[in-house]
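Taken in sequence, the protein lines are chains C and H.
Here the first sequence is numbered in my numbering, starting from 1 and rising by one per residue.
Here the second sequence is numbered in my numbering, starting from 1 and rising by one per residue.
No lab work stands behind these hints: they were computed from the structure.
Honestly, I wouldn't trust all of these hints.
Said to hold, decoys possible - Quick list of the computed label-pair ranges, beta carbon to beta carbon:
| id | chain 1 | residue 1 | chain 2 | residue 2 | range |
| --- | --- | --- | --- | --- | --- |
| 1 | C | 316 | H | 12 | 24 to 34 Å |
| 2 | H | 227 | C | 338 | 21 to 31 Å |
| 3 | C | 301 | H | 289 | 54 to 64 Å |
| 4 | H | 260 | C | 301 | 51 to 61 Å |
| 5 | H | 399 | C | 338 | 35 to 45 Å |
| 6 | C | 4 | H | 276 | 55 to 65 Å |
| 7 | C | 330 | H | 310 | 25 to 35 Å |
| 8 | C | 218 | H | 399 | 13 to 23 Å |
Stated by the list, open to error - Sample of chain H residues facing chain C (criterion: CB under 7 Å; computed from the structure):
| id | residue |
| --- | --- |
| 9 | 67 |
| 10 | 77 |
| 11 | 407 |
| 12 | 409 |
Quantities reported herein were computed from a predicted structural model and do not represent experimental measurements.
Backbone N, C-alpha and C fix where the C-beta goes; we use that ideal spot for every residue, glycine too.
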Amino acid sequence: MGTIWFWLVAAMLVMYVVLDGFDIGVGVLHLFVAKTNDERRMALASIGPVWDGNEVWLIAGGGTLYFAFPLVYASSFSGFYLPLMIVLWLLILRGVGIELRGHINLRVWEVFFDGLFAFSSVLLAVFYGAALGNVIRGVPLGEDSYFFLPLWTNWRVGPSPGILDWYTVIGGVLALVALTVHGGLYLAVKTEGALQKRARKAVALLWGPLFVLTLISLIATMTVRPQSLRNYNAHTVAYLIPVGVMLSLAGILVLSRRHDDKAAFRASVVYLVLMMVGAAVGLYPVLLPSITDSALDLTVERSRTGLYALHVGMIWWGFGMLLAIGYFVVMYRMFRGKVDLHSGGYGH
Amino acid sequence: MDPLVMHRIHFGFTVTFHYLFPQLTMGLALLIVVLKTVAVRTGNEHYHDAARFWGKIFGINFLIGVVTGIPMEFQFGTNWSHFSRLTGGVIGQPLAMEGVFSFFLESTFLGLFLFGEKRLSKWAHWGAAFMVFLGSWISGYFIIVTNAWMQHPVAYKILPNGTFELTSFTGLLMNPWALIQYAHTMCGAVVTASFVMASVGAFYLLENRFVEYARIFLKTGVIAGSISTMLMIFPTGDLHGRYVAKRQAATMAAMEGLFHTEKGAGVAIIGQPNEQTQTLDNPLVVNNLLSFLIYGTTSAQVQGLDHFPRENWPQPMPLLYYSYHIMAGLGTYFVALMGVAAFLLWRGNLYTTPWILWPLMLSFPLPYVATTAGWMTAEIGRQPWVVYGLMRTEVGFSKYVSAGNALFTFLGFMGMYTLLGILFLILIYREIYRGPHRESVHHTTTLLEE
């Protein structure tokens, strides 16, 4: 039962990364690829109706973690206190940035909120990547299963690391590039003309760095946490995941060159999903590894709540997810196709 | 600095600021459904415009509510990790359900309601408004279930290592305390929305602008307001009070400023509790009323604070006393104001009577004050317990998050929320100034005409 919930929580976080990922990516890119005010509005309108729905996956995922694995929730949220608070502030700024921009028609106002939206999107992407890096690398868990990490110490992966060290910084930069590519492909799907051209160009420019960073991160992970390979060696079929990662990367390149934006975006979805699943396979059955002593790892069995609660949860969770997927299908169908500022229905 | 105090202030501040927004959106969601229903059934375009206008106000409030609400879910873990660790198996359930059910519902259908009017049929658009209402009210219920469990824990067992496990899902969701608290809280949300709507209507009438809309707002606000203010006191407030007296007797004694156990205890209308002398300074007391309200007879004995060990008194006790009195006092004023306004509405001269329009216009902040005071009554009243009678607050916070770190992030939130507050006021003022005239159809859909 705990194992099922491990994968359910992971699935929700993957949903979050895939969905909020593209609107964060658009946030990172829009200053560079959208030059005129109309283009900026078009870029923002492409995510306007869906971004907060996307963000709900974070809330629901966090809530699910809290309910299924209270020990992990308590330990990690208090341990990562400072970065989480910064993430909260960035989420606030980002929501404000996109939603308030259109309310007042002053150049200064619009430029300010564009900047705020881009700034918070960039930092969020970096922090998410670094956060995942922290979870993979492990934290200095104490006997009481608690820890507290400062933002940085000496940038080395040692017994007393910071949130940011060389390994997690790689994760942060990788996440920034990956989500930017993801957002660029989404923009290419949703827009036309000069904006679409520049979005494609950005993807082409970033593909090389994305490929290199992906390779570096795979190697770095095996160096920092060799235990990640345990599940892979036990079930060699799992090695198909990194193979799939490489294939999807190739897919992004080939398909976006052919201007088949939709297919390239799908390849990017596959890439993000496989990267996340690959990390989860490397971790399982641990939710939060200890950097010093694996006896202190927060595992599925140690940190799950009672079986009764988990069983009941299955029922409402399944029902809730069916509903949520239903809403998303309706919503995305409603706003399908290219963004058109003049037809009405878009914008704020 | 005491980290416990710092964490309490931290949470108290963020949750208080947050709740300024959902209390309006939950109430407004209902009123928008009412406006939409009239619009669709009568075909009166003014009602469509009115719903659209309040939809925009709703949208701005919803945004601030969402961005200030996300920290709440995080803060259980960041600032109250030990509490979360021990009780997450129980209250994680309703909190996760809120995320999975209502948040999706609300945000999806709000998008449809705000951006989809041209693409939806009239009834489908009504449906979107209704789903937003449903989502926000379900959301409120899950939050109340969480809070009610802390006030009155049910459906749990405690394992040898101190963690709480859920034993009955329906028991948790049907916690009698939650049902009463929910009814009371939702009435409060409708009160807030009614006062805000009536206030905008009164403002337009006094300014002689958007007169036909002003009448719709006033009528809707006053009718909903007079019903909800009455329900606020009876039966929901009355029941809630009796429940507190039964389950949290120390809380009730502190709320009433009752230092000594008395037969035929009275209700202090005003008076300042003095913890040193354990008396009420400058009291004005209605004799026997408290005994009557709780037990139905004027001579019943009510336990005073002296009945409880000092370390079990809610702290800060004077703040609890004042919060409760401000809430109750304002509640009485609301009934009176809305009662008079409803009478004038029935007589047909509400719209032309400046002496009632002025207080209606100016009273809109008061429900916010009353609601905040009500929450403080509930939350300080629960002290010194984070789970009433089972877990003291001082064991709940994150012991590795120092007071300094909590102070730093508290200051960060203060700065951020000040900024949000200013932006919010500017935007709301702008929407109200612009008003719900017909051109506003275009404002919601394209910016080019502006």
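Hints, verified against the model:
1. 316(C) <-> 12(H): 24 to 34 Å: With a Cβ separation near 31 Å, residue 316(C) and residue 12(H) satisfy 24 to 34 Å, so the hint holds.
2. 227(H) <-> 338(C): 21 to 31 Å: With Cβ atoms ~48 Å apart, the hint is violated.
3. 301(C) <-> 289(H): 54 to 64 Å: Holds - the Cβ-Cβ distance for residue 301(C) and residue 289(H), about 57 Å, lies within 54 to 64 Å.
4. 260(H) <-> 301(C): 51 to 61 Å: At roughly 54 Å between Cβ atoms, residue 301(C) and residue 260(H) fall inside 51 to 61 Å, so the hint holds.
5. 399(H) <-> 338(C): 35 to 45 Å: For residue 399(H) and residue 338(C) the Cβ distance comes to about 54 Å; the hint is violated.
6. 4(C) <-> 276(H): 55 to 65 Å: holds, 58 Å
7. 330(C) <-> 310(H): 25 to 35 Å: violated, 58 Å
8. 218(C) <-> 399(H): 13 to 23 Å: Once the Cβ atoms are compared, 37 Å apart, the range 13 to 23 Å for residue 399(H) and residue 218(C) is violated.
9. 67: Cβ of residue 67(H) sits 4 Å from chain C, so the hint holds.
10. 77: Hint holds; residue 77(H) Cβ to chain C Cβ min 3 Å, cut 7 Å.
11. 407: The hint is violated - residue 407(H) has no Cβ within 7 Å of chain C, the shortest such distance being about 12 Å.
12. 409: holds, 4 Å
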